[in-house]
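First to last, the sequence lines map onto chains A and B.
When you line the first sequence up against my numbering, it's residues 1 to 164, in that order.
When you line the second sequence up against my numbering, it's residues 1 to 417, in that order.
No lab work stands behind these hints: they were computed from the structure.
Every residue gets a Cβ at the ideal spot worked out from N, C-alpha and C, and that includes glycine.
Please note that a few of the clues may not be correct.
[What the hints assert, rightly or not] One-sided and incomplete, this derived list gives chain B residues near chain A with beta-carbon spacing under 8 Å:
hint	residue
1	23
2	27
3	136
4	139
5	160
6	189
[Unchecked claim] Per the computed footprint, the stretches of chain A lying under chain B, defined by three or more beta-carbons under 8 Å from a beta-carbon of chain B, are:
hint	stretch
7	24 to 32
8	121 to 128
[What the hints assert, rightly or not] Each pair of labels, with its calculated beta carbon distance range:
hint	chain 1	residue 1	chain 2	residue 2	range
9	A	109	B	255	26 to 36 Å
10	A	108	B	259	41 to 51 Å
11	A	111	B	247	44 to 54 Å
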Amino acid sequence: LLKGKVFKFGDNISTDHIIPGRLAHLRSNLPELAKHVLEDADPTFASMVKAGDFIVAGNNFGLGSSREHAPLVIKMAGVSAILAKSVARIFFRNAINLGLPALICDTDGIDDGDELEVDLGQGTVYDITKARRLTFGKLPKVMLDILDEGGLVTYIQKYGDFKL
Amino acid sequence: VGKTLAEKILSQKSGSDAWSGDIVIAQVDLVFAQDTTGPLTIRQFQAGGFGRLANPQKTALFLDHAAPSPNRQISNDHVLLRQFAGQTGCLIYDVGGGICHQIVAESLAKPGDVIVGADSHTVTAGALGAFATGMGSSDVAVVFALGRTWFRVPESIKIVLSGKFTRGVGAKDLVLNLIGSIGADGATYKALEFSGEGLANMGMSGRFTIANMAVEAGAKVGLFPTDSTTRDYFRLQGRSNHYQPLFADSDASYERKINIDLASLEPMVAKPHNVDNVALARELKGTKIQQVFIGTCTNGRLEDIAIAAGILKGKKRHPETRLIVVPASAQVMLEAIRENYIRSLVEAEAIILPPGCGACLGLHQGVLARGEACLSTSNRNFKGRMGSPEAFIYLGSPATAAATALTGEITDPREVM
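Starting from the given sequences, assemble the full structure and let the hints guide the process.
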């Protein structure tokens, strides 16, 4: 069960909003890079976010580059899950591969600052502030297994291969 | 019922009867990373304790995003990539060789291949009939180790092309028009498959431009069938043996079909800060531009540079508009020199930079200031991408870019041709 506060974003938050190319020189210095997470979308995010909090967004979250550093710095910031109406394909796979849940649900009724409870096993989101329950789309089994192992690299270490 | 191109290739490479919606494990014919995603790929490979590459000769590293390196941090990343190549025996393409997707197109991709790259524009090779898609560093590290990965077989959207481009209009205008109509998430998780008699009127260069931008509609791949144009391309690249006929079955089933008449298109521009925010170039007349950038994996090929040089030959750029031209590879640079395009561009006061990605992602060599506007032939105009988050990026064709460099404001190229 995940519990935390909502940081709400709009549609089309790109990987350039999360960590732009001008910071490419920091990609081998992750703690420094993480200080800039989502800087171009919300300059206060990095200093305000606390362990367990959620990013809640509209359509097409994470569009753009394949840079896995984008979900990585979001995870390093303590975010426990991303909830969005849709998530761009590469970002979606990258997030799961790092053990960061990316959940597809109707986020319109969730507002900035709401307290949420997410039950990954049940597939439900409870908005404590609004006393409202939502469900999110099921992940394919291979992704659930990767998430269960905390990410792709540890999953492959454990099983030696993909198991469908 | 027959199969789409995506279903055909993934059936072949997974050794199974694959249909859209299935999850398969497919053999990978080429896997690569570049200098901004490669270091994390190597660290994930090492964290997994994988040790050996499954196929060193099918694994490549490209030093192209910062080429040559503008700072010591990236220089250190470059050293890491060179050392990894030395230790594992994988292919390495060092600074100056060109943009990964252009080199993959020129030298490595084959019809029917599965190609996975730690770069979203890996989709470019779909123009040659390769199921080529971008993934992150963890996925790519695992392909380095296993030589295979899992895919959800995508549903396909069929784009049926007819007619012929009119003067001043090209593939970039087509793909901006398409993304504008279906949206930046209009093909998320899906394949775009191009077909129709209009293909006969489109060269390889334009097909690469279109496949390259499939990801800007969210697509997993942008696939073209092969034909005599593809065969000629392989022959010119000295690898005729890599050609093979490849097309979707006539009774394949598609999620939807979209018809585009090439003759109906006009020069298009994507406005800040999303690729689907499109307008006709002529509607943006009067928009002042401080930098024009012609290059990238989208539009840095010889044909693109030829169009720009043709418009700019014997003229000068507008005094308040910088013009940066970056050939996509060393091969393109050499041919552009041989054809005197570089001379025409330098005489028009363009700056010619070495093959690479630099300015497109705001890394170096063309970084925008607060309040500046750029007309770029690249594929992305996201906020903050080319430098200041308060800069403005417009995307257009090489013809629109060259016309804009002449006048200093966004210009429909038909006005100056």
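Structure versus earlier hints, numbers of those that do not hold, lowest first: Failing hints, ascending: 2, 5, 8 and 10.
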